[in-house]
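Asker: The primary structure of each chain is shown beneath.
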Amino acid sequence: MAYALQQLINGVTLGMIYGLIAVGYTMVYGIIGMINFAHGDVFMVGSFLSLIALLGLAALGITSVPLALALTLLFAAAIAALYGWTVERVAYRPLRGSFRLAPLISAIGMSITLQNFVQVSQGARVKPIDAVIPGGIQLMDRGGFAVQLSWMQIAIVVITLTILAIFTWLVTRTPLGRTMRACEQDLKMAALLGIDTDRTISLTFVIGAALAAVAGFMFLLYYGVIDFYIGFIAGIKAFTAAVLGGIGSLPGAVLGGLLIGLIEVFWSAYFSVEYKDVAAFSILVIALIFLPTGILGRAEVEKV
Amino acid sequence: MTPLRDAFLSAIVALGLCGPLVGLVTTSGDRGLSIHARPIATAVVVGLVFLGRLAILSWRGRTRAEAVQANRAFAERITRAGKYVTPVLLVAAVALPFTGSRYYIDLGTLVLTYIMLGWGLNIVVGLAGLLDLGYVAFYAVGAYSYAILATTFGLGFWTCLPMAGILAAMWGVMLGFPVLRLRGDYLAIVTLAFGEIIRIVLTNWVSLTNGPNGITGIPRPTLFGLAFSMDGGSGTFAGFFNIEPEVIQRIIFLYYVILGLALLTNWVSLRLRRLPLGRAWEALREDEIACRSLGINVRNTKLTAFGIGAMFGGFAGAFFATRQAFISPESFTFIESATVLAIVVLGGLGSQLGVALAAVVMIGGLEALRDFLSFLGDQMNSEVFAGIASELPLYRMLIFGLALVVMMILRPRGLVSGRTPSVALTTVKEIAPDLVAQGRG
Numbered sequence: 001m002a003y004a005l006q007q008l009i010n011g012v013t014l015g016m017i018y019g020l021i022a023v024g025y026t027m028v029y030g031i032i033g034m035i036n037f038a039h040g041d042v043f044m045v046g047s048f049l050s051l052i053a054l055l056g057l058a059a060l061g062i063t064s065v066p067l068a069l070a071l072t073l074l075f076a077a078a079i080a081a082l083y084g085w086t087v088e089r090v091a092y093r094p095l096r097g098s099f100r101l102a103p104l105i106s107a108i109g110m111s112i113t114l115q116n117f118v119q120v121s122q123g124a125r126v127k128p129i130d131a132v133i134p135g136g137i138q139l140m141d142r143g144g145f146a147v148q149l150s151w152m153q154i155a156i157v158v159i160t161l162t163i164l165a166i167f168t169w170l171v172t173r174t175p176l177g178r179t180m181r182a183c184e185q186d187l188k189m190a191a192l193l194g195i196d197t198d199r200t201i202s203l204t205f206v207i208g209a210a211l212a213a214v215a216g217f218m219f220l221l222y223y224g225v226i227d228f229y230i231g232f233i234a235g236i237k238a239f240t241a242a243v244l245g246g247i248g249s250l251p252g253a254v255l256g257g258l259l260i261g262l263i264e265v266f267w268s269a270y271f272s273v274e275y276k277d278v279a280a281f282s283i284l285v286i287a288l289i290f291l292p293t294g295i296l297g298r299a300e301v302e303k304v
Numbered sequence: 001m002t003p004l005r006d007a008f009l010s011a012i013v014a015l016g017l018c019g020p021l022v023g024l025v026t027t028s029g030d031r032g033l034s035i036h037a038r039p040i041a042t043a044v045v046v047g048l049v050f051l052g053r054l055a056i057l058s059w060r061g062r063t064r065a066e067a068v069q070a071n072r073a074f075a076e077r078i079t080r081a082g083k084y085v086t087p088v089l090l091v092a093a094v095a096l097p098f099t100g101s102r103y104y105i106d107l108g109t110l111v112l113t114y115i116m117l118g119w120g121l122n123i124v125v126g127l128a129g130l131l132d133l134g135y136v137a138f139y140a141v142g143a144y145s146y147a148i149l150a151t152t153f154g155l156g157f158w159t160c161l162p163m164a165g166i167l168a169a170m171w172g173v174m175l176g177f178p179v180l181r182l183r184g185d186y187l188a189i190v191t192l193a194f195g196e197i198i199r200i201v202l203t204n205w206v207s208l209t210n211g212p213n214g215i216t217g218i219p220r221p222t223l224f225g226l227a228f229s230m231d232g233g234s235g236t237f238a239g240f241f242n243i244e245p246e247v248i249q250r251i252i253f254l255y256y257v258i259l260g261l262a263l264l265t266n267w268v269s270l271r272l273r274r275l276p277l278g279r280a281w282e283a284l285r286e287d288e289i290a291c292r293s294l295g296i297n298v299r300n301t302k303l304t305a306f307g308i309g310a311m312f313g314g315f316a317g318a319f320f321a322t323r324q325a326f327i328s329p330e331s332f333t334f335i336e337s338a339t340v341l342a343i344v345v346l347g348g349l350g351s352q353l354g355v356a357l358a359a360v361v362m363i364g365g366l367e368a369l370r371d372f373l374s375f376l377g378d379q380m381n382s383e384v385f386a387g388i389a390s391e392l393p394l395y396r397m398l399i400f401g402l403a404l405v406v407m408m409i410l411r412p413r414g415l416v417s418g419r420t421p422s423v424a425l426t427t428v429k430e431i432a433p434d435l436v437a438q439g440r441g
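For the record, the sequence lines run as chains E and A.
Residue 1 is where the first sequence starts when you use the numbering used here, and the numbers rise one by one after that.
Residue 1 is where the second sequence starts when you use the numbering used here, and the numbers rise one by one after that.
Please note: incorrect hints may appear among the correct ones.
Claimed, not checked - Here are the simulated distance ranges between beta carbons:
no. : chain 1 : residue 1 : chain 2 : residue 2 : range
1   : A       : L376      : E       : D130      : 52 to 62 Å
2   : E       : I154      : A       : T27       : 30 to 40 Å
3   : E       : S282      : A       : T2        : 12 to 22 Å
4   : E       : S282      : A       : N300      : 48 to 58 Å
5   : A       : W59       : E       : R93       : 50 to 60 Å
6   : A       : R80       : E       : R93       : 46 to 56 Å
7   : E       : A70       : A       : L48       : 28 to 38 Å
8   : A       : F326      : E       : Q185      : 49 to 59 Å
Stated by the list, open to error - To list a few chain E residues with every Cβ distance to chain A over 10 Å, as calculated:
no. : residue
9   : G61
10  : I154
11  : V158
To be verified - To list a few chain A residues with every Cβ distance to chain E over 10 Å, as calculated:
no. : residue
12  : D6
13  : L54
14  : T152
The hints are simulated quantities; they were obtained by calculation from the structure and are not laboratory data.
All residues carry an ideal CB built from backbone N, CA and C; glycine is no exception.
Just chain E, with the same shape it has in the complex (with noise of 0.2 Å):
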């Protein structure tokens, strides 16, 4: 009981990580209904940057650790919407209206050369660091098993449900986000009515990307090491969350990332270590099967 708490626990923190790197994806494919390959590596790039600006700000002798994480974050935040603005205009806009594959060739091409990029400039070793916000609370102690909930966890969660609640508001409440929902139904009848697509297209990259700094960045706090190759998996079982959930529905791409971060958790607790993302693949083969539209998502209909 106590050990099936702690994997809840761990679960759910690490579904928060896939849920705000599915969110961009399930962004990116309403709206334009292509996989976004890179962004797995923008993830990448993202905890990099918060690294680097970890290390930065510590070499310029800034103490103050709460301080220093807001600076981080927003750092990495805006270089990665950056490289998210970077991608879409070098790689996907001048492909726009072409044929289906050449858009998901260029982004593989994307997602190789950023993966290259970092691992040249960068090094191909494992990055480790101290932990910055070490200690936590220990919920209850049964049979000499106790259950820990980590500060870093506690942050994790809440950082993930303000962001995300940020982001409903400016989805929902905003201009910018009913232009978004427009292009997302109808991106030709958007254009006629007005709606600068390119300019939309543009930004929703950017605050996917900005999203995927963010987990990239509690992804490096919470696990403290990081290398070139995290983009590639992680960017899997994101676009795993993403469909389980309904593509194209934000809120499913939430719940899909918490569902495959608790399936993930909970296989490596009880069956075994080397297969989880085994059963993580497995879960999207059957999901797709007898679930085609996800939980959330809308059934699509064929026009002949």
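Once you have looked at the hints, place chain A on chain E.
Answerer: Chain A alone, transformed into the frame defined by chain E:
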């Protein structure tokens, strides 16, 4: 916006992008990570972006309509030239071992392996229009089938080759069943997940596959029972023909094996295209609903495409295992799937010649680039370049990724984008690329 101003803005964006990642490098030392500044490298990258943007802007003087027309003219030229290019390529492929250079034969073998994989995937993606991102799984199944059968039961290459193909085809059908209902990107992501699952299982099922250490000592193929060993006994190739045993004989033999396998793949897919099955594939790519209305069995059509495509992947895998004599899960990563898919798409989806040309450009180009980079590394002995030179081979994949993006932007429909219909009433007319659907899975 004037070009200068545009380039200046690009340079500022590049500064924002590269400032933190290139300009500040984290290195591990005794007391954890430390951070160093690299202003010169950053300045070089930003300067390159500035000049590159200026060059692009001045080169892109022509209008879009002109560009489209030039593209179409190029496509027509290359299709017309296809009649002469194909025999020339074939003769060159057959004659390559007579150069006697081991380097070129090895490179040729590598290129031919990718051509074969490309032609195999072409059946799935190009003809049937099913987007498969996990093709490497069948390559792995073929390689491991041969390796395990050969090392456990002592079977030879030619006995195992059909078995490897059949096993891979069975896996293809097994994967095909659950994903029959999926389309487009969903299909892509499921096949990608399937490829990863196979790789994870190969890594972790140590008792069968020896895990990450891989399988060693995989036997080499024989020529009608004649082995290519160095002892020169009567049962060996050299002993039978009374010549000095040399390593190059085996290399050349392997080259002709893969050439034969690749040509077999090509021949089978060309023949299949003329059969009702192949025409059903192409019809499926164009419009699935129309196919169903016309009474084509969509399920069987998709499964045969998956199965036959996977079979050729399995053949190529068995060849890979026998050529390397060593396999490990590391050879079967997503990057291989991406490379093969890129070859098919760059080749023009469905064009046999296009796939061959694309494989030569991408694999040969990549190898040529590697040579060029290491040559550059050898030449630059000066201290400034010593650091860059040692890292140069690392840039290979970076350039590969950028090349994928650039090629897609310049030629989104591939090198040979027009289609020649398999069957025509009177004269065969080229179909313009704009009229060919790409399938939605």
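Asker: It remains to establish, for every hint, whether it holds in the given structure.
Answerer: So, going through the hints one by one against the coordinates:
1. Take L376(A) and D130(E): their Cβ atoms lie about 40 Å apart, and the range 52 to 62 Å is violated.
2. At about 32 Å, the beta-carbon gap between I154(E) and T27(A) stays in the expected band of 30 to 40 Å.
3. Taking 12 to 22 Å as the suggested C-beta distance range, the pair S282(E) and T2(A) does not conform, at roughly 56 Å.
4. Between S282(E) and N300(A) the C-beta distance comes to about 26 Å, which lies outside the given range of 48 to 58 Å.
5. Roughly 18 Å separates the CB atoms of W59(A) and R93(E), a value that falls outside the hinted 50 to 60 Å.
6. At roughly 33 Å, the beta carbons of R80(A) and R93(E) sit outside the given window of 46 to 56 Å.
7. Distance hint check for A70(E) and L48(A): the Cβ-Cβ separation is about 34 Å, which falls inside the suggested range of 28 to 38 Å.
8. The hinted range of 49 to 59 Å is satisfied by F326(A) and Q185(E), whose Cβ atoms lie roughly 54 Å apart.
9. With a least CB separation of 13 Å from chain A, G61(E) remains clear of the 10 Å interface cut-off, as annotated.
10. Distance check on I154(E): its Cβ is at least 25 Å (rounded) from any Cβ of chain A, clearing the 10 Å threshold; non-interface status holds.
11. V158(E), annotated as away from the interface, keeps every beta carbon of chain A farther than 10 Å; the closest lies near 26 Å.
12. A cut-off of 10 Å between C-beta atoms confirms that D6(A) is not in contact with chain E; the least separation is 12 Å.
13. Consistency note on L54(A): stated as away from chain E, and its beta-carbon is indeed over 10 Å from all of that chain's, at 16 Å minimum.
14. Even its closest Cβ contact with chain E, about 23 Å, leaves T152(A) beyond 10 Å, as expected for a residue assigned away from the interface.
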